[in-house]
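Engineer: Sequence:
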Amino acid sequence: MKKWWKYSIIVVVLLAIGWGVYAYISHQNEKSNGSENIIYQNVGDDGSGQEVAIFAGGCFWCMEPPFEKLKGVNDVISGYTGGTTRNPTYDEVSSGNTGNQEAVLIKYDPKVISYKQLLDVFWRQIDPTDAQGQFVDRGTQYGASIFYVNAEQKAEAQASKKALIATDRFSEVVTPIKASSAFYQAETYHQDYYKKHAKSYKFYRNGSGRDSFLDKHWGKDREVSLPSYPESYSQADIKAKLTDEQYRVTQQNQTETAFQNKYDKNKAEGIYVDLVSGEPLFSSTDKYDSGTGWPSFTKPLVPNNVYEKEDDFLVQKRTEIRSKHADSHLGHVFSDGPQPTHLRYCMNSAALQFIPKKEMAEKGYGNFLYLFNKK
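Mapping of the sequence shown onto the UniProt record's numbering: position 84 corresponds to residue 84, and the numbering continues sequentially without gaps.
Treat the hints as calculated values from the structure; they're not laboratory data. Here the structure is a predicted model, which means the values were calculated and not measured. We put the CB at the ideal spot given by N, CA and C, even for glycine. Errors might be hidden in some of the hints.
As the list claims (entries may be wrong) - Beta-carbon label-pair distances, calculated as ranges:
1. Phe-334 - Asn-33: 34 to 44 Å
2. Ile-177 - Gln-260: 55 to 65 Å
3. Asn-373 - Thr-341: 33 to 43 Å
4. Pro-227 - Ala-155: 22 to 32 Å
5. Lys-262 - Ile-177: 46 to 56 Å
6. Glu-152 - Ser-225: 19 to 29 Å
7. Phe-259 - Asp-45: 31 to 41 Å
8. Gly-96 - Thr-255: 45 to 55 Å
9. Lys-220 - Lys-241: 39 to 49 Å
10. Asp-91 - Val-136: 10 to 20 Å
11. Pro-338 - Asp-215: 41 to 51 Å
12. Arg-169 - Asp-289: 50 to 60 Å
What the hints assert, rightly or not - Listed below are the simulated DSSO-like cross-link pairs for lysine-lysine, each with C-alpha atoms no more than 30 Å apart in a straight line:
13. Lys-220 - Lys-357
14. Lys-262 - Lys-363
15. Lys-317 - Lys-262
Please build the complete structure, drawing on both the sequences and the hints.
Structural biologist: Next up, the structure:
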């Protein structure tokens with residue numbers, strides 16, 4: 001009997017060690033399993049008129065939040081650019097041997113926010129005197145740069161740099177302005193890192209020296225006054241605004257009853273926004289009847305306004321979808337949808353507010369009316 005217990009303990013220990021090694025290797029592979037080339041030159045050809053800006057400012061984890069909170073920014077993608085290695089991995093870029101830099105690609109609506117305003121935000125995130133990295137991250141792979149995509153951006157970037165030099169805020173400004181090249185989207189692990197891994201992000205950021213440097217040099221001018229979403233919403237305000245069911249769904253991650261909800265069968269033209277923040281989330285042009293009893297969409301209207309989070313439901317792993325700014329629970333995404341995305345964003349009606357097409361301009365969503373233009 002004693003031998004049986006002894007062998008059982010040994011087996012359990014070995015299994016635990018094996019699982020730990022497997023989990024660590026999987027985690028490392030997730031961080032560095034290759035990047036994907038993004039074709040960004042034609043982003044506005046869908047009628048949206050959106051444009052692209054590309055900035056490098058050291059660790060891309062820290063460059064997402066200041067741009068993602070801005071109204072008019074539709075997407076912020078962490079990635080690698082400026083080098084010669086195609087589809088580099090995180091490990092390859094961080095080694096400093098690819099010529100690539102960590103950077104963010106920003107898709108924005110120029111009718112809502114200008115490139116000049118994005119430049120104003122960019123300068124307030126970096127140390128422009130450092131040509132060999134940024135803060136605690138050393139090496140040119142962490143250097144700061146502005147990558148222009150056309151002649152107009154080049155001229156605006158040069159003017160913005162000259163204006164910063166003229167303030168004498170810094171002893172020198174060495175941040176280069178370069179022509180853009182291939183941009184490779186970084187691994188999923190690195191996208192929205194500050195949301196998905198909030199504790200480790202805060203620990204890294206607090207120890208990086210970035211905020212103390214920016215506070216010292218910018219002081220009360222550190223924030224640019226631009227339309228943006230609040231960094232947080234008080235539970236008291238949320239509770240006062242929502243019904244009991246809406247609160248249970250958005251704040252307590254519950255699911256409404258299938259087939260007995262407001263928007264499952266809604267076929268009207270318009271967009272769906274977050275109940276708390278009003279951030280645009282989905283469009284009726286991407287809605288379809290999935291037969292599940294919940295409103296379903298093939299893709300988000302503004303990718304920047306949602307983020308994914310692993311959701312362990314009993315023994316089944318699911319991917320939860322939450323709104324970026326209000327952090328509302330919206331629903332889940334599954335890979336059994338129709339073309340072209342093959343995705344099913346299965347949402348709760350209780351997390352959404354529908355804005356009919358005829359009310360969009362009046363309520364501040366007129367920039368999305370292009371979706372309903374008849375070709």
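Engineer: Evaluate each hint against the coordinates.
Structural biologist: Evaluated hints:
no., hint, verdict
1, Phe-334 - Asn-33: 34 to 44 Å, "22 Å, violated"
2, Ile-177 - Gln-260: 55 to 65 Å, "56 Å, holds"
3, Asn-373 - Thr-341: 33 to 43 Å, "22 Å, violated"
4, Pro-227 - Ala-155: 22 to 32 Å, "25 Å, holds"
5, Lys-262 - Ile-177: 46 to 56 Å, "50 Å, holds"
6, Glu-152 - Ser-225: 19 to 29 Å, "24 Å, holds"
7, Phe-259 - Asp-45: 31 to 41 Å, "38 Å, holds"
8, Gly-96 - Thr-255: 45 to 55 Å, "47 Å, holds"
9, Lys-220 - Lys-241: 39 to 49 Å, "32 Å, violated"
10, Asp-91 - Val-136: 10 to 20 Å, "18 Å, holds"
11, Pro-338 - Asp-215: 41 to 51 Å, "49 Å, holds"
12, Arg-169 - Asp-289: 50 to 60 Å, "57 Å, holds"
13, Lys-220 - Lys-357, "41 Å, violated"
14, Lys-262 - Lys-363, "21 Å, holds"
15, Lys-317 - Lys-262, "27 Å, holds"
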